[in-house]
Amino acid sequence: MSQKKPEKLIDENDIRLDGRKFNEMRPTKIEVGILANADGSAYIEQGKNKILAAVYGPRETHPKHLALPDRALLRSRYHMAPFSVQERKSPAPSRRELELSKVIRESLEPSIFTEYYPRTSIDLFIEVLQADGGTRCAGITVASVALADAGIPMRDLISACAAGKVEGRLVLDLTDVEDKAGEADMPLAYQPSANAITLLQMDGMLTGEEFEQAVNLAMEGCKQVSQIQKDALRAKYTVAKEGEGEKEETEEGEEE
Amino acid sequence: MPVFYERRQLVTPGDLLAENDYVPGENTHKENGKIYATRVGLVNYEDKRVYVVALKSFYEPLIGDTVIGKVVEVTLGGWVTDIRAPYLAMLRASDALERPFKPQKDDLPSLFDVGDLLIAKIVAYDRTRDPLLTVLERGMGKITRGQIMEITPAKIPRVIGKQGSMVTMIKQETGCQITIGQNGRILISGKSPEDERLAVMAIRKIEQEAHTTGLTDRVTEMLKKEKGNKEVKENVTEETGKTD
Amino acid sequence: MASKVRQKRIAQLISHEKRLDGRELTDYREVQLETGLIERAEGSARVRLGKTEVLVGVKFEMGEPFPDTPNEGVLTVNAELVPLASPTFEPGPPDERSIELARVVDRGIRESKAIATDELVIEPGKKVFVVFVDVYVLNHDGNLIDASSLAALAALLNTKMFNYEVKEGEVKIKPGYKPLPIRNYPIAVTLAKFNDKLVVDPGLDEEEVMDARLTITVEKDGKICAIQKGGYGHFTAEQVVEASKIARQKSEEQRKLVVKE
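Those sequence lines, one after another, are chains A, B and C.
Under this note's numbering, the letters of the first sequence match residues 1 to 256, in that order.
Under this note's numbering, the letters of the second sequence match residues 1 to 244, in that order.
Under this note's numbering, the letters of the third sequence match residues 1 to 261, in that order.
A couple of the hints might just be wrong.
Said to hold, decoys possible - Far from chain C, by Cβ distances over 10 Å, these chain A residues were calculated: (1) 21; (2) 34; (3) 63; (4) 66; (5) 88; (6) 196; (7) 208.
Said to hold, decoys possible - Label pairs and their calculated CB-CB ranges: (8) B:63 <-> C:5: 46 to 54 Å; (9) A:93 <-> C:208: 44 to 52 Å; (10) B:162 <-> A:36: 29 to 37 Å; (11) C:182 <-> B:127: 52 to 60 Å; (12) C:208 <-> B:205: 24 to 32 Å.
The hints are simulated quantities; they were obtained by calculation from the structure and are not laboratory data.
Heads up, the beta-carbon is just placed ideally off N, CA and C, and yes, glycines get one too.
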């Protein structure tokens, strides 16, 4: 039971199937601190992607022998729910999920001050509840926010976005259909304050010049994502700030 | 002047706060002459120092801190204690008994058992080992009455107030004994559950409004108002809110 | 694991654009290639890249095609970090390292369409050839990806399929062999980053010190068909673009070792 490939992915006006231009990201919304038990958590909706991230830690490492003497051990698990994709996926971790868990961990660890908490572990869980292409990028984006929500000190938030090639044109933030039918997909994760790329993968075919353009396009997307992350964190803590002004407040007239 | 935010603005990790001759304070780090926030919080500039008051953080043990811990395991030589930190803390028998520990005679669980809450002090802590506790000081030891509240450790200074002004006021208004653990646990022990509830309410309000000004007065006013209402409801049974 | 002193020395040398074994920053170690050494396999090759040693065997089976590609044969790549290859390899199910290795090698072959999978159909929609590429790491001295990719390509070029005909829905083997149809020659080039320096083909001791690695797989016309960043450090955009240029250049040299024009 596979999806029928659509006739054209980009029309004569350079508009994609979902109405976007080549350099437009899908509408993205992030909520912070939505799970009660986790030390930090966040939820992202990006187009049809729905992904949850939760952080436990820093906490004692179990099993103890895995603990590192000089820093915290970051463990991450990227997992897709069986109902997240068109054809039900077995709950057992697939090779793809194991590879993604690894590259996601490697994309986030540079930003965390793991050296502050030797012998502990920081456990990160990314659960894809619904998938529509670009889940590892959305996963990194929401995981970074969850880490900030957990109060874990970081050099920066990591934002991620994929660029790719569809029907001969370079585009930003590919959907599943675009990824499957397109010529190349290139997920990239970025640490803005250090101008650092912490995740980079590609499958497909790109010339050298296309590759360079795709990198720049993806980085532009990441900068947009970064703003969305910051806004989400500010929104969570600004609710608490309601009613505050810039000046000294007077006592009377305060509503409970 | 190379600063990029106004005082008390909300910043997120990676935000560039200041440059060059500024000194990085709490929850910031300096790299290549630039100072960035490392946590979500309110930025502040004091002389040449820039720091962030974190709105969300966890407790990091500090030698000398008073903490409220929960025993999670009794071992041969002491008690493993959860102090809401990345590390479990250890209370050795020698730091709990006023006389030398005799393994054959002393039955550790009868002194403190799994699940018991303790007021303790951190006496040792470094990068290579878990924090060590002692209960051999006045006011320390097993908690036998009252209720425990948990709040974000970052807000504890606000609950204490300048030179203890806030907590002293709450004690006066509610008649409760209040012991504050730096690790975000607070023991409230009053003459009645109703008195304790007032104290809990006050502390919750502080937690939510910790970043605002004029808080002490607003909390005082709230307590006075609640106590006024209480007199009216004196003869009615009511459910008290439960806290940990 | 190399001592701290040695690690410091390696980092120092590289910052002065020198390497411990005397190589230039963009030099590969010496490659020794041998093919056809496992007769039981339909194709095989062994690559020694410096002291890193990888053996790849190719085997065929007949099976069903994937539902969304009914007229194509199937490729599956597996990698094993055999415990004897390194003190850090333990017996057990594939861990994330071996899975990453297999998937990166797979990506290069698959995305470059190196194997003409449309010529592996026995009965359209029903029966196709399944090509198993098994990567067997025998000694780990760094840069398993490039060594494995090279060996996999050599093994595929070495692979022979038996002649057959389909009679009454049954596959009948005929005498003689033909080579597995190969249309592209993907070459993986891995660079390691040390601060602002990029180094090709990191040895094991260099891998222990590097910030991160970037593998760029290049197909025969110079297009990039797979990229994989690994390790805990990062690259700048400029470094990534520079790496791609170095990779495209080096891939041409490495390809000559495997593909005799």
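Hint-by-hint comparison with the structure:
The beta carbon of residue 21 of chain A is kept farther than 10 Å from every beta carbon of chain C, the shortest such distance being approximately 23 Å. Non-interface call for residue 34 of chain A relative to chain C: holds, since the shortest CB-CB distance, roughly 29 Å, exceeds 10 Å. The Cβ of residue 63 of chain A lies farther than 10 Å from every Cβ of chain C, with a closest approach of about 15 Å, so its non-interface assignment holds. Chain C leaves residue 66 of chain A outside its interface by the beta-carbon criterion, the shortest separation being 13 Å against a cut-off of 10 Å.
Residue placement check: residue 88 of chain A keeps its beta carbon more than 10 Å from all beta carbons of chain C (closest about 14 Å). With a cut of 10 Å on Cβ distances, residue 196 of chain A falls inside the contact zone with chain C, its closest approach being about 4 Å. Non-interface status of residue 208 of chain A relative to chain C is broken: a Cβ of that chain comes within 10 Å, the nearest being about 6 Å off. For the pair residue 63 of chain B and residue 5 of chain C, the beta carbons lie near 34 Å from each other, so the given range of 46 to 54 Å is not met.
A C-beta distance of roughly 28 Å is found between residue 93 of chain A and residue 208 of chain C, which places it outside the suggested range of 44 to 52 Å. Against the hinted window of 29 to 37 Å, the Cβ-Cβ separation of residue 162 of chain B and residue 36 of chain A comes to about 33 Å, which satisfies the hint. Separation of residue 182 of chain C from residue 127 of chain B is about 55 Å and conforms to the stated range, judged on CB atoms against 52 to 60 Å. One distance hint, 24 to 32 Å for the beta-carbon pair residue 208 of chain C and residue 205 of chain B, is violated here, with the actual separation near 54 Å.
Checked against the numbered hints above, the structure violates hints 6, 7, 8, 9, 12; every other hint is satisfied.
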